[in-house]
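Number of protein chains: 2
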Amino acid sequence: MAANLARAGFSVTAWNRTPGRAPELADLGVSMAATPAEAVASADIVVVCVSDTPDVEDVLFGPDGVVNGARAGTLVVDCSTIAPSGSWDFAARLREHGIAMVDAPVSGGSEGARNATLTIFVGGEPEDVERARPALSAMGRTVTHVGPIGAGQAVKAVNQVILAGAYLGVAEGIVLAIKAGLDVEQVVGALGGGAAQSWVLTNRSGRMLDNDYPLGFKVALHHKDLGIALDLAARLGAVLPVSALAAQLESGLMAQGHGDDDMSALARAIRGLSGLED
Amino acid sequence: MAANLARAGFSVTAWNRTPGRAPELADLGVSMAATPAEAVASADIVVVCVSDTPDVEDVLFGPDGVVNGARAGTLVVDCSTIAPSGSWDFAARLREHGIAMVDAPVSGGSEGARNATLTIFVGGEPEDVERARPALSAMGRTVTHVGPIGAGQAVKAVNQVILAGAYLGVAEGIVLAIKAGLDVEQVVGALGGGAAQSWVLTNRSGRMLDNDYPLGFKVALHHKDLGIALDLAARLGAVLPVSALAAQLESGLMAQGHGDDDMSALARAIRGLSGLED
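Top line first, the protein sequences correspond to chains A and B. Residue numbering for the first sequence follows the working numbering, starting at 281 and increasing by one per position. Residue numbering for the second sequence follows the working numbering, starting at 281 and increasing by one per position.
Treat the hints with caution; some may be incorrect.
Distance windows between CB atoms, simulated [said to hold, decoys possible]:
{"no.": "1", "chain 1": "A", "residue 1": "334", "chain 2": "B", "residue 2": "394", "range": "51 to 61 Å"}
{"no.": "2", "chain 1": "A", "residue 1": "515", "chain 2": "B", "residue 2": "494", "range": "50 to 60 Å"}
{"no.": "3", "chain 1": "A", "residue 1": "516", "chain 2": "B", "residue 2": "375", "range": "50 to 60 Å"}
{"no.": "4", "chain 1": "A", "residue 1": "307", "chain 2": "B", "residue 2": "482", "range": "39 to 49 Å"}
{"no.": "5", "chain 1": "B", "residue 1": "395", "chain 2": "A", "residue 2": "301", "range": "51 to 61 Å"}
{"no.": "6", "chain 1": "A", "residue 1": "495", "chain 2": "B", "residue 2": "289", "range": "46 to 56 Å"}
{"no.": "7", "chain 1": "A", "residue 1": "515", "chain 2": "B", "residue 2": "405", "range": "53 to 63 Å"}
By construction, these hints were calculated from the structure, which means they are not laboratory data. This structure is a prediction, so every number in the text was calculated from the model and none was measured. Just so you know, even glycine gets a beta-carbon here, dropped at the ideal spot from N, CA and C.
Construct all of the structure, not just a fragment, from the sequences and the given hints.
Here it is as structure tokens:
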């Protein structure tokens, strides 16, 4: 994502929690900083993309965090997927430093990040969202302002809930097709013209058939995101049984060492329940 | 489906279990018969489309059934969705009368039947499938030969299993979006460009938002089809927890008088669990 910002002509200074993870950035003219505070010292826009709510809090408010380096008037664009309540909290605390914030969680996996084809859901004040839009458009293909601060996170939660059903439905269908001795690839082709058509059926059923799950989007990250969605649902009184089942199956996959598989590995869980060889 | 056969130039004689259901057929030159046996007396191809395994058995082998009227050499094309074991059984019994059979269950709902845009999965001997193809192509848009007799039913079962996950995932996502106060139509638009994209999200999320479920495809029929799929799965040792959950929720909808709603009414069940007004 930093590389795509640099390619789009932005002057980028980067900081990564794990130094040396992106050596190719130097070739694109990206400066590396030793701390978040140092990275943002002359920034107009600060893009944060880490794993979970406490990680964002560390980057923003930790000892060498963003608030210790950023000027008043800076805009923080948080592309992490965290709890909407975290976005509300962090935005209020940043405001005390004269810093604005939008939440801008992304969907599209590692391919989307690499190819600048991410789908981005943005929550915040309209003027802040418009200020963020050129940077977001450099990293993603679809940028939608979906409401006030935290709304981007809520939409991301909805996305992860819909994926739980889509992946499990296809996983169950593929396992039944295998057990019934059908030509699975032909079945996928025949079903893709009807009501069963989906991105998951088209793009992930082959991995479920092969029982091989290269990334994509990690089981462990979808599990983290479902935790956010189920927590939000519990606060709001929404009851999501398929999402809860998916989170349980993903916990099992992680316990068996498959947390770094692509989330299409939900089919590994259904295969296991059905006694198909690993 | 009979009208589309007549429009394609086939000479059609029809019989319906409920007389007078299709008065428009007369204008298309379709003759009406009083019994299945009478309808098939001079037929080369007999198309059957009823609800469940016992209904097909009645039409084929009942007192005035197909075997009492059809000539040896006739081909039966069963477009009903029934148990694959039923297709095997009926094909064997018809063979004793010199009658061939293919199973050709359809997907695409009442719109698909009316507009000849059905997706059709065909199981049978290659020469029988080729003989059926012109008639099937008059009723559907995609006709795929998926294996020996019963294979069409197995593929249809896979289709209904995938739909269970797809509908429930979207239903849970829409309920969470409503509870979170999001602009649901905008959310659907934003998510439709990513991994959550599906026919169900595009075509059925609006009904879930409105909590109004015009046909489409009836809850009671999907429930019947899931029963076939879960029975097949139990015989084969496939474990399908989301499909089983969907069947239970559909049982509840039927008990509450919603069996004739479109199956997107699965969202009504999730809304009810979540305390949203009816």
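With 39 to 49 Å as the target window, see if residue 307(A) and residue 482(B) comply at their CB atoms.
At 41 Å between Cβs, range holds.
Evaluate the given range 50 to 60 Å for the C-beta pair formed by residue 516(A) and residue 375(B).
Since the Cβ atoms of residue 516(A) and residue 375(B) sit about 59 Å apart, the hinted range of 50 to 60 Å holds.
CB of residue 515(A) to CB of residue 494(B), is that within 50 to 60 Å?
Violated: the Cβ-Cβ distance is about 33 Å, outside 50 to 60 Å.
Using the Cβ atoms, figure out if residue 395(B) sits within 51 to 61 Å of residue 301(A).
Hint holds: Cβ distance 54 Å, inside 51 to 61 Å.
Does the hinted range 46 to 56 Å hold for residue 495(A) and residue 289(B) at CB?
holds, 53 Å
Does the Cβ-Cβ separation between residue 515(A) and residue 405(B) fall within 53 to 63 Å?
holds, 58 Å
Check the following: the C-beta atoms of residue 334(A) and residue 394(B) are separated by a distance inside 51 to 61 Å.
The hinted range 51 to 61 Å holds for residue 334(A) and residue 394(B), with Cβ atoms some 55 Å apart.
Comparing the model with each earlier hint shows a violation of hint 2 alone; every other hint is respected.
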